[in-house]
Amino acid sequence: FSRIITPFGGRRALNLSAAVLLSGLVFHDPEWRDTGRDALEASILAGGIVTPVLKRVAGRSRPNAGEGAYAFDADSGNESWPSGHSTNAFAVASVFAARSKGWVVPTIAYSLAAGVAASRMNDNVHFSSDVLAGAFIGTAVGRSIVARHRRSAAPKGTPVVTWMIVPSRRGASF
1 FSRIITPFGG RRALNLSAAV LLSGLVFHDP EWRDTGRDAL EASILAGGIV
51 TPVLKRVAGR SRPNAGEGAY AFDADSGNES WPSGHSTNAF AVASVFAARS
101 KGWVVPTIAY SLAAGVAASR MNDNVHFSSD VLAGAFIGTA VGRSIVARHR
151 RSAAPKGTPV VTWMIVPSRR GASF
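In the numbering used here, the protein residues as written are 1 to 174.
Rather than coming from a laboratory, the hints here were simulated on the basis of the structure.
Virtual Cβ for every residue (Gly too), placed ideally from N, Cα, C.
There is no bait here: all hints are sound.
Once the Cα atoms are required to be at most 25 Å apart in a straight line, the calculated SDA-like pairs of lysine to any residue come out as:
#1 Lys55 x Thr6
#2 Lys101 x Arg150
#3 Lys101 x Glu41
#4 Lys55 x Ala140
#5 Lys101 x Ser152
#6 Lys55 x Leu132
#7 Lys101 x His28
#8 Lys55 x Asp123
#9 Lys55 x Ala118
#10 Lys55 x Leu14
#11 Lys55 x Val125
#12 Lys55 x Ile44
#13 Lys101 x Arg12
#14 Lys101 x Arg143
#15 Lys101 x Arg33
#16 Lys55 x Asp75
#17 Lys55 x Gly66
#18 Lys55 x Ser144
#19 Lys55 x Glu79
#20 Lys55 x Leu45
#21 Lys55 x Asp73
#22 Lys55 x Ala69
#23 Lys101 x Ala147
#24 Lys101 x Val26
#25 Lys55 x Ala74
#26 Lys101 x Leu14
#27 Lys55 x Glu41
#28 Lys55 x Arg3
#29 Lys55 x Pro7
#30 Lys101 x Leu21
#31 Lys55 x Tyr110
#32 Lys55 x Asn78
#33 Lys101 x Asn15
#34 Lys55 x Met121
#35 Lys55 x Asn15
#36 Lys55 x Tyr70
Distance windows between CB atoms, simulated:
#37 Gly102 x Ser76: 42 to 48 Å
#38 Ile108 x Arg11: 15 to 21 Å
#39 Ala18 x Asp75: 31 to 37 Å
#40 Gly102 x Val26: 21 to 27 Å
Kindly produce the complete structure, drawing on both the sequences and the hints.
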């Protein structure tokens, strides 16, 4: 399972994003075009810029190094936190989920991303906090890119409203 699913947090995510973008361009489908564009942008920003910087600053040792979960040494070459594969998988998944209608695509996208995260822990190359941080970063970047493009595409004066559940001490609110 890990061998099959892990690439969806790397090159396969980029390839899928590019294929959707190109399909949208070839078939003149603005929804596919915009989804592919947003997914590529999220993947490049989250997985190619934000995560590598954080990895270098944190310098967390990997589980298979045997140094323990609290081994952090900035600029040491240790690059466990956050998980780049999880970041990339969730960045692309969040774009596909945000740009789709219904529940099927989000379910498939987030299931694949969760599978990538689980495979990284299964392969003993990341701690659970590594993949959780990657999931958070990827989702935040992906959703913010979709929101930014929706705001810029809306006609002037049109309010763009999005709903989100926010946890609070007494439950949750919208």
